[in-house]
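Student: Each chain, written out:
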Amino acid sequence: MTASQHSTSRGVWAVRILGLLLLSYTFIMTFTVPLGPGIEDVRVTTQTVTEEGGVYELEIVGHSTHFSTSAPIVFLRRGEHTLNASAIKALDDTHLKCRVRLPKYIPSRSYDVIVNGKSDGTLSYANGFFAEGLDVKSKARLANDAMAFDQLEEKDLGFHFPFQPNIMESIRNLMLHVPMWFTMFLLMGISFAQSIRTLRLGGDDDRDLRAVAAVKVGLWFGVLGLLTGSLWARFTWGAWWVDDPQLNGAFVTVMVYAGYLVLRGSVQDAKLRSRLSAVYNLFGFCLLVVLLMVLPRFTESLHPGKGGNPAFSSYDLDSALRAAFYPAVLAWMILGTWMYSLALKTERLRAQIADARLTRSSMPLPLLLVTPASTSSLEAVFTASGKMPVVVGVAVIIVMGLGLWWVRAVRELRRLGREESELLNP
Amino acid sequence: MRETWFLFRHFWKADVRAQHGVAGLVLFVVATVYAVYQVVRGRPEPETWNAMAWVILLFTAFNGVSRSLEEDRPEVLAYLRTTVQPLHYMLARTLHNVVVLSGLACLVVAFMGLLLGWADLDGARLWGFVSGMVLTAVALGTTLTLLALIAARAGAGFGMTAVLGLPLVLPTVLVSTTLGGELLRGVLVSDTWHNFAFLGALTLGSGVLGAVLFPYLWRAS
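As they're listed, the protein sequences go chains A and B.
Taking numbering that gives the first Met the number 0, the leading residue of the first sequence gets 0, the next gets one more, and so forth.
Taking numbering that gives the first Met the number 0, the leading residue of the second sequence gets 0, the next gets one more, and so forth.
Note that these hints are calculated values from the structure, not bench results.
Do not take every clue at face value.
Partial chain B-side listing against chain A, Cβ under 10 angstroms, derived [what the hints assert, rightly or not]: (1) L145; (2) A150; (3) A153; (4) G154; (5) V162; (6) L165; (7) P166; (8) L169; (9) G209; (10) V211; (11) L212; (12) R218.
Heads up, simulated SDA-like pairs for lysine to any residue below, C-alpha to C-alpha not over 25 angstroms straight-line [stated by the list, open to error]: (13) K270/A <-> L208/B; (14) K270/A <-> F157/B; (15) K270/A <-> Y215/B; (16) K270/A <-> P73/B; (17) K270/A <-> V211/B; (18) K270/A <-> A151/B; (19) K154/A <-> D317/A; (20) K154/A <-> S63/A; (21) K12/B <-> Y78/B; (22) K103/A <-> H80/A; (23) K270/A <-> R152/B; (24) K96/A <-> Q46/A; (25) K103/A <-> R77/A; (26) K117/A <-> E56/A; (27) K270/A <-> E74/B; (28) K270/A <-> A77/B; (29) K270/A <-> W217/B; (30) K270/A <-> G154/B; (31) K270/A <-> T82/B; (32) K270/A <-> G158/B; (33) K270/A <-> Y78/B; (34) K270/A <-> G156/B; (35) K270/A <-> R72/B.
Non-contacting residues of chain B with respect to chain A, defined by C-beta distances greater than 10 angstroms in every case (computed) [said to hold, decoys possible]: (36) A13; (37) Y36; (38) V39; (39) L86; (40) G112.
Virtual Cβ for every residue (Gly too), placed ideally from N, Cα, C.
Kindly generate the complete structure, drawing on both the sequences and the hints.
Tutor: This is the structure we're talking about:
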């Protein structure tokens, strides 16, 4: 007789189990696939500038490179000009020393540093070397003694994620942070569809409950997306919050849906409430589309594909990332819809109990608190080993956030179930 | 159309008759600008000038749409429900708000200019700024009318309109402040016309959405 007694079909369980498998795959891929090699930093350790020119000792810091076995060669490049480095010595797999000799007059002060070796292939670090103390003359020429480019070693590595400067290991967050937003879009889309049906029926309790259940779960994903994004932004862009159209859009969207819940709280009559909140929900979803999908295309954004496509473009996603990213999106979406069905169950039970009692209980939303810590020690902790701790932090936020949700949801369902049986069979 | 026009005239008359409504809004604008003048004391930087102008307009708009007319008495509404089509009521109400807010927008610029100076706006750029203000007032009026009606139906007042409306009008505010900032920095009106187009598109979008959705709010139960 009641909605809560609908049993879940086998097909649904099959999808849920597929979701769980994909989720395990996501976490395994995220934390075990190695990152490709790259240059983290280039430092000038000593420099001697005389009338003849300058001699610079460079130290190159690599990340997951194989300097001690790859027999690397190093050269500088700016436009057509190339210059070999000499006295190349690998200290260990990730540290390399070399010497650069430049004439007094040079065509440009800054050069890309390029390292080539077996298995790692060609690694470059844009504007990694800056020649201090020398004069620039546009007519100046370098010796152009670089090796023939066809002699360079090809990359020869197993399955790995691409190395990107500054982002480094934290590229793994692609499988954790980005799908939060995709899942939110999906849930808000479900809510949008249910609100349209609510209005078509001229106000309807059950469709309204579906809409609000989807919004509540979607909001949870949105908040987790904001928190994880904030952590990631701190250690790639340098601030917890930056003025970026995508960020502002996400924040405003979360506020709009919080306003939706406030509006619901202030109307007592169920039918009127279903209509009012449906109207606002439709407005809010249109705004979400404008803010997160249209406006970022017109403005400069720090997010990948700035000023154009707000999502990752084909340049940023290589085959390894694709193999991890698309299943991850599917996994999080299945988890989101599962949570939606649980939330719907809760909402229906709550509505029934309220009907039985003719009173309404209100449950406050638990707050997620992030305690601020001192910045300097954080910097050291999170930027260690190629920003891998950022990925761990993001994963911890998501696991704790969703874990909190599940514990709460299961407890709430049990409590409501008990109350219902007490009310119906006193 | 005639019904819309008739209703609009009716709202207008109600406003004129119950003078305190519009007079209160004018007083709000004058008092706010004067308070800003007292705080800033003298000629503010163009950025400050810009921010103040838009914030004052925004708050005036919220005040303007969420005041209730003499015609909002339950008896009158019950009568109107049986005689008027919801779309016409919505259009008349929006038109009324838009006209009042446009007037107030001009007043904001005029009074800001009087007390705080024009912040280097002159000639075409001044008129560009004024038309940007008026266009923003139109956009705000269109969006906020529906939200004020939602809040009124929910039995809540100004606070609810602000909670529901502030996030929703943020795109409009972003576009208008960019527009104003560019004009104040000396950008020609012809080089910033795309912002006018954005404002127009936002107005059109929220207007259509409001017209489609309002009938669902109009029904008695």
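Student: All hints are to be evaluated individually against the structure, with a verdict given for each.
Tutor: How the hints compare with the structure:
Given hint, L145/B at the interface with chain A, holds; its Cβ is 7 angstroms from that chain's nearest Cβ, closer than 10 angstroms. Look at A150/B: its Cβ gets to within about 8 angstroms of chain A, closer than 10 angstroms, so that hint holds up. About 5 angstroms separates the beta-carbon of A153/B from the nearest beta-carbon of chain A, less than 10 angstroms, and the hint is met. Interface restraint check: G154/B against chain A, minimum CB-CB distance 7 angstroms, threshold 10 angstroms, status holds.
Because the closest C-beta pair between V162/B and chain A is about 5 angstroms apart, less than 10 angstroms, the hint holds. With its C-beta approaching chain A no nearer than about 8 angstroms, L165/B sits inside the 10 angstroms limit, and its interface hint holds. A hinted interface residue such as P166/B counts as satisfied when its beta carbon comes closer than 10 angstroms to some beta carbon of chain A; here the least separation is about 4 angstroms, so the hint holds. A cut of 10 angstroms between beta carbons decides the hint on L169/B: the least distance to chain A is about 5 angstroms, and the hint holds.
Interface hint status for G209/B: upheld, as the beta-carbon distance to the closest one in chain A is roughly 8 angstroms, under 10 angstroms. With a least beta-carbon distance of about 8 angstroms to chain A, the hint placing V211/B at the interface is held under the 10 angstroms criterion. Taking 10 angstroms as the C-beta contact cut-off toward chain A, the hint placing L212/B at the interface holds, the least distance being around 5 angstroms. Because the smallest distance between the Cβ of R218/B and any Cβ of chain A comes to about 7 angstroms, under 10 angstroms, the interface hint for this residue holds.
A C-alpha spacing of about 21 angstroms is found between K270/A and L208/B, which places the hinted pair at or below 25 angstroms, so the restraint holds. Taking the CA atoms of K270/A and F157/B, the gap is near 23 angstroms; set against the 25 angstroms cutoff, the hint holds. Distance check on the hinted pair: K270/A and Y215/B sit about 11 angstroms apart at the alpha-carbon level, within 25 angstroms; holds. With a C-alpha separation of about 19 angstroms, the suggested pairing of K270/A with P73/B holds against the 25 angstroms cut-off.
A hinted pair counts as satisfied when its Cα atoms are at most 25 angstroms apart, and K270/A with V211/B qualifies at roughly 19 angstroms. This hinted pair checks out: K270/A and A151/B have alpha carbons roughly 16 angstroms apart, not beyond 25 angstroms. About 15 angstroms separates the Cα atoms of K154/A and D317/A, which keeps this hinted pair within 25 angstroms; it holds. Of the pairs offered as hints, the one joining K154/A and S63/A holds, with about 14 angstroms between alpha carbons and a cut-off of 25 angstroms not exceeded.
Restraint check for K12/B and Y78/B: the C-alpha separation of about 18 angstroms stays at or below 25 angstroms, so the hint holds. Between the alpha carbons of K103/A and H80/A the distance comes to roughly 15 angstroms, so the proposed pair stays at or under 25 angstroms and holds. Taking the CA atoms of K270/A and R152/B, the gap is near 12 angstroms; set against the 25 angstroms cutoff, the hint holds. A hinted pair counts as satisfied when its Cα atoms are at most 25 angstroms apart, and K96/A with Q46/A qualifies at roughly 13 angstroms.
For the hint pairing K103/A with R77/A, the CA-to-CA distance comes to about 17 angstroms; that is within 25 angstroms, so the pair holds. For a cut-off of 25 angstroms, the pair hint linking K117/A to E56/A stands: about 23 angstroms separates their Cα positions. In summary, the hint linking K270/A to E74/B is supported, as the alpha carbons are separated by about 22 angstroms, within the 25 angstroms threshold. Only pairs whose Cα atoms come within 25 angstroms are accepted, and K270/A paired with A77/B is accepted, the gap being roughly 18 angstroms.
As the CA atoms of K270/A and W217/B are separated by approximately 13 angstroms, the hinted pair is consistent with the 25 angstroms bound. Of the pairs offered as hints, the one joining K270/A and G154/B holds, with about 14 angstroms between alpha carbons and a cut-off of 25 angstroms not exceeded. Between the alpha carbons of K270/A and T82/B the distance comes to roughly 23 angstroms, so the proposed pair stays at or under 25 angstroms and holds. Annotation: proposed proximity of K270/A to G158/B holds, straight-line Cα distance about 23 angstroms (limit 25 angstroms).
Simply put, K270/A and Y78/B have alpha-carbon atoms about 22 angstroms apart, close enough for the 25 angstroms limit, and the pair holds. About 20 angstroms separates the Cα atoms of K270/A and G156/B, which keeps this hinted pair within 25 angstroms; it holds. At most 25 angstroms may separate the alpha-carbon atoms for a hinted pair to count; K270/A and R72/B meet this at roughly 22 angstroms. With a cut of 10 angstroms on Cβ distances, A13/B stays outside the contact zone with chain A, its closest approach being about 25 angstroms.
With a least CB separation of 29 angstroms from chain A, Y36/B remains clear of the 10 angstroms interface cut-off, as annotated. With a closest Cβ-Cβ approach of about 24 angstroms to chain A, V39/B is found to remain outside the 10 angstroms limit, as its non-interface label requires. Residue-level check passed: L86/B sits 15 angstroms from the nearest beta carbon of chain A, beyond 10 angstroms. For G112/B, the shortest C-beta to C-beta distance to chain A comes to about 29 angstroms, beyond the 10 angstroms cut-off, and the non-interface label holds.
Comparing the model with each earlier hint shows no violations; every hint is respected.
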